[in-house]
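> Here the protein sequences come in this chain order: A and B.
Under our numbering, the letters of the first sequence match residues 180 to 782, in that order.
Under our numbering, the letters of the second sequence match residues 180 to 782, in that order.
Because the hints were derived from the structure by calculation, they are not lab data.
Be aware that a few hints might be false.
The list makes no distinction among identical chains, and a pair is therefore deemed to hold if it is satisfied within one copy or across any two copies.
Unchecked claim - No more than 27 Å apart at the CA atoms, straight line, and that leaves these computed lysine-lysine pairs for DSSO-like:
no., residue 1, residue 2
1, 514, 690
2, 723, 658
3, 690, 510
4, 514, 359
5, 362, 328
6, 359, 328
7, 743, 664
8, 637, 690
9, 498, 226
10, 328, 369
11, 498, 510
12, 498, 743
13, 743, 510
14, 637, 560
15, 362, 326
Values in this document were obtained by computation on a predicted structure and should not be read as measured data.
Take a look at the letters that make up each chain.
Number of protein chains: 2
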Amino acid sequence: MPVYTAPTDDVMFLLNDVFRIERHNNVAGFGDATPDVVEAILVEAGKLCAEVLTPLNRIGDIQGCTRHEDGRVTTPEGFKGAYDQLVAGGWVGLSAPTEFGGQGLPGTLTVIINEFMASANLAFSMYSGLVQGAVAAILTHGSDEQKRKFLPKMIEGVWAGTMNLTEPQCGTDLGLLRTKAVKQADGSYKISGTKIFISGGEQDLTSNIIHLVLARIEGAPEGTRGISLFIVPKVMVNDDGTLGERNGVVCGSIEHKMGIHGNSTCVMNYDNATGYLIGQENRGLNAMFVMMNEARLGVGVQGLALSEVAYQNAVIYAKERLQGRALTGPKFPDKPADPIIVHPDVRRTLLSIRAFNEAARALTIQTALYGDLAQRSQDAKEKQHADDMMGLLTPVVKGVLTDTGFANAVNAQQMFGGHGYISETGVEQFVRDARIPMIYEGANGIQALDLVGRKLPKDGGRAVMAFFAEVQGFVNAHKADETMKPIVQPLDASLGHLQAATMWFMNNAMKNPDNAGAGASDYMHMFGLVALGLMWGRIALAVKEKLAEGTASAGASLDAQALKNKLIVARFFGEKMLPETAAQLKRIEAGAGSVMEMAEGGF
Amino acid sequence: MPVYTAPTDDVMFLLNDVFRIERHNNVAGFGDATPDVVEAILVEAGKLCAEVLTPLNRIGDIQGCTRHEDGRVTTPEGFKGAYDQLVAGGWVGLSAPTEFGGQGLPGTLTVIINEFMASANLAFSMYSGLVQGAVAAILTHGSDEQKRKFLPKMIEGVWAGTMNLTEPQCGTDLGLLRTKAVKQADGSYKISGTKIFISGGEQDLTSNIIHLVLARIEGAPEGTRGISLFIVPKVMVNDDGTLGERNGVVCGSIEHKMGIHGNSTCVMNYDNATGYLIGQENRGLNAMFVMMNEARLGVGVQGLALSEVAYQNAVIYAKERLQGRALTGPKFPDKPADPIIVHPDVRRTLLSIRAFNEAARALTIQTALYGDLAQRSQDAKEKQHADDMMGLLTPVVKGVLTDTGFANAVNAQQMFGGHGYISETGVEQFVRDARIPMIYEGANGIQALDLVGRKLPKDGGRAVMAFFAEVQGFVNAHKADETMKPIVQPLDASLGHLQAATMWFMNNAMKNPDNAGAGASDYMHMFGLVALGLMWGRIALAVKEKLAEGTASAGASLDAQALKNKLIVARFFGEKMLPETAAQLKRIEAGAGSVMEMAEGGF
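This is chain A alone, in the form it adopts within the complex (with noise of 0.2 Å):
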């Protein structure tokens, strides 16, 4: 049965040296996130995962949830249970408005405390994520009425939310919706269509569902310039804010599918159900894109926390299972064989899953600060650059943790050799799970085209402008230091080739866009290799500073050997890892001839 640790250590590591985060006590919720408190929720949130949900998990697993006859949905045994516990801990408003209810603590904890709930429970742990993807939308969008109608209660936890965008023909192209919306006398509006794949769509956790659904209003132009987003409740809520009756919404079906079978992904039909509109007619997508960005950088998260619940159990098991002995002579001869961490293949397996999992923590960290100063900062130098670093890193962290976690989950399975295949072992389920966040939230491919296509020449290529000097900044700055030198050194060159893979679409891809197209996805994984290894950097530079005062002061509860092995780390990162934007170059380099030259019939 599979554990976890939440990486509590780390992640004040993190906060506190890496980042920083005092520097920003003049923003919002900043100044009540004291170290103190910060580690005393990351611990207890740490504590009901280990101990509430990630014995669930595999429970989740095999039961899956039931749908009845009259729609209704049954979860898993003890998921109800769990999530009275979370609702009565808080979590869910942790970083919503103190006005509606929430904490005001900032978003970064709360992605922080994602990362843990999805490594002990992904399937759980999505019925609470997607609530505060639609508070959002609500609160950037949303009228003062609805925001107080529905508000209070999505952030205390006992409403979710979910969001409602797919339908049978229509998945990444929302112009194709057909989902129609028909305005009533009272300003309301009558909704009627089929969506699927909605993710808690139906669920006995909550006395309500809160589902925002895109429509088109009857009359509406084509395309996505006729959409609107919609508040649609599961059950009428009456003014004085008490539940009525049920409005015209039932889960028609839910799916079998491969993993996160504790999550119920639901087909929600809507027949003539009354739902308010969010913000203006036909800007749907707009308000959408609120959810989005935050949700995106939630499935970036949930590939780290698969990558990390998949490293921390293949690193027990590779200290416990005795075979073989290592090559250069046995290293416990007192044992019938050494423990299989003893072998270079097993070693580098695990080390290339950590090198990528801290820095995928300090990604996500870094994008969910900037989240938070383009939300809450007073300084406008620094709130756009905030926004446009946002924009920039969402699709990275949402493509690169997802394909990485994923991939890491199947290396963490193949160290269990022929018991990681079976299921009692529980690490094929983290691979399962795993998979659908490089799916869910827009594709990997879309991520890797909204990067180059959107996020590249926007404003000017402002933002990857500025990225790119935070990097030269960095390298320069550091390295002429032997301490360094091992992450910096490759770092500078993977930067060489992501400036050469920029240059090279701006100079092929406008006369031919397919040129771009068919080198988003290496770009992205070569841009996703370069952000991680400037947090290699970042850490190291910490690390340095640290080692420096003494272990004595080393803050957090990492020791000095804990700090030394970052390094380690790190130089395995550089050496190992970031080698691979060379490949990636050439092949961008290589451009669309080969992959569009053959007839669709040729396939």
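Position chain B relative to chain A; hints supplied.
Positioned in the frame of chain A, the structure of chain B alone reads:
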């Protein structure tokens, strides 16, 4: 529901035009394998796979196998009927010696048909696939009496065969095995112990199962030098060939696992079961190695097989699914959207699978041909060369084809978006099924070590030198040719990387074997890319020659366009897949330093 069409045209092209198997007509069995006969056999096998085995694939996944209280195991509905068809068609003994009732055709044909069957239904194909390995072991090491007693029924297919190596404490490291054999007065042995992960250890398809079991004879030396191989029939076989009473072996439980649900993975309990020694005492590993080489090639083929069927279904979906518009403007303006196959990233994904599949098929055929020549050739030099190459290529085929085959199944699934995650679509089963070939028959890390630690230095590097000379010779002969350049030039570069890596091992692994261990996996994949690149070179050459002869005479059923498409895919392989070897070399040359430095406790 997934479909499958056996790639018979491509196989005929490979056999007749690329490998020109008529050159081997003087080798036993090859003379009978005329193009007409081979085509008839392949078409028939393809029909069986498409019409009988494919429809049972999802049924097998859903139903799985059932163990009853008395130890009996029921396979999924329809499996027994399909197995009877397999037996009736003589498929099991296609390449087995005529002396024992086989058809004596080249083993290469069986390897090809095993690909078809594994594409159609991996779980089902394993029942008969394992018989072939058991037959090989008895043929090579069994006594005349053992051959007479067991082979005819196994070759007919009415008795199955299994391999029993793994024990709970002992997987890769067979030296740890504990199953005990006690010699009896009549020369037989009593076998006691527990074996796990026994594929098809119990089933209801055949009237008997011939277990090949590794065990330690009382008093034998410790470690791998005290292991012997035994025949342990499930049901005792009387001297007249009729079945006697049940032997002391029973299925204790079956595993719940990630995939291949239709194949029973059994815990087998041996309790004073009667066994017959095969070959010499304490030389069991030697006898087992015969099965292992066959089995490893067979497992590599499974990786290709899943990649192929996943590709076929992804292509169908990509041509049907309408979503978005081509980057260069609508390709099907009359439809609400373009099929997703217009998108460069979709094409890139599909082409990377296709570019692997065609070359991997060529490589498995090439390796199987070496296997045939190693066994059957009358020319000592040819025989030795074939044996060298078979040994060298086997770990590459096993490791690279299963790693890449799995990755391709994942990438094919990605083409389906959210629909790919839903069980009904059927592609997620391909992913789950494709995961096990990376593990069984020696996890891929072990394949890499086998390649680097044993196959490279064997006989003073004779095999690898011959391989390098072959690739270099091909490159030199064709590098000036315009048609061949797109594949030959990058192949030349990649061969250089592979040779540099080999040299680096020679210079650095002697003083520190961890340097070989840390780079072994990269080296194996690099070797695979060069081997696949050579296959593309040979395919391109055959295409060029066929096109020069004029379409009218272009053999197989591939028209001129189909042949020209292969040149596009070859170019894609050169431009997009071979560049990886530069990164692999860099990682290898970074050595074991950062891999071995961290203390075990730091993980």
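> So, for every hint listed, does it hold in this structure?
Results for each hint:
Taking the closest pair of Cα atoms, residue 514 and residue 690 come within 27 Å of each other only across two copies (26 Å); inside a single copy the shortest separation is 65 Å, beyond that limit. Taking the shortest alpha-carbon separations for residue 723 and residue 658, only the intra-copy value of 14 Å comes in at or below 27 Å, while the best inter-copy value is 51 Å. Taking the shortest alpha-carbon separations for residue 690 and residue 510, only the inter-copy value of 18 Å comes in at or below 27 Å, while the best intra-copy value is 60 Å. With identical chains, the CA atoms of residue 514 and residue 359 are at most 27 Å apart between copies only, with a shortest distance of 21 Å across copies and 69 Å within one.
In the homo-oligomer, the alpha carbons of residue 362 and residue 328 lie at most 27 Å apart inside one protomer (21 Å), although the nearest pairing across protomers, at 82 Å, exceeds that limit. Taking CA atoms no more than 27 Å apart as the test, residue 359 paired with residue 328 passes inside one copy only; the shortest distance there is 24 Å, against 73 Å between copies. When the C-alpha separation of residue 743 and residue 664 is checked against a cutoff of 27 Å, the pair qualifies only within one copy, where the shortest distance is 15 Å, while the shortest distance between copies is 49 Å. In this assembly of identical chains, the alpha carbons of residue 637 and residue 690 lie at most 27 Å apart only when taken from the same copy (18 Å versus 53 Å across copies).
Taking the shortest Cα distances, residue 498 and residue 226 sit within 27 Å of each other inside one copy (24 Å), while across copies they are farther apart (49 Å). Taking the shortest Cα distances, residue 328 and residue 369 sit within 27 Å of each other inside one copy (19 Å), while across copies they are farther apart (77 Å). Proximity of residue 498 and residue 510 under a CA criterion of 27 Å is satisfied intra-copy only: 12 Å inside one chain copy versus 56 Å between copies. In this assembly of identical chains, residue 498 and residue 743 lie within 27 Å of each other by CA distance solely inside one copy; the values are 21 Å within and 53 Å between copies.
Taking CA atoms no more than 27 Å apart as the test, residue 743 paired with residue 510 passes inside one copy only; the shortest distance there is 23 Å, against 56 Å between copies. Taking CA atoms no more than 27 Å apart as the test, residue 637 paired with residue 560 passes inside one copy only; the shortest distance there is 17 Å, against 65 Å between copies. When the C-alpha separation of residue 362 and residue 326 is checked against a cutoff of 27 Å, the pair qualifies only within one copy, where the shortest distance is 21 Å, while the shortest distance between copies is 82 Å.
In summary, the structure agrees with every hint in the numbered list given earlier.
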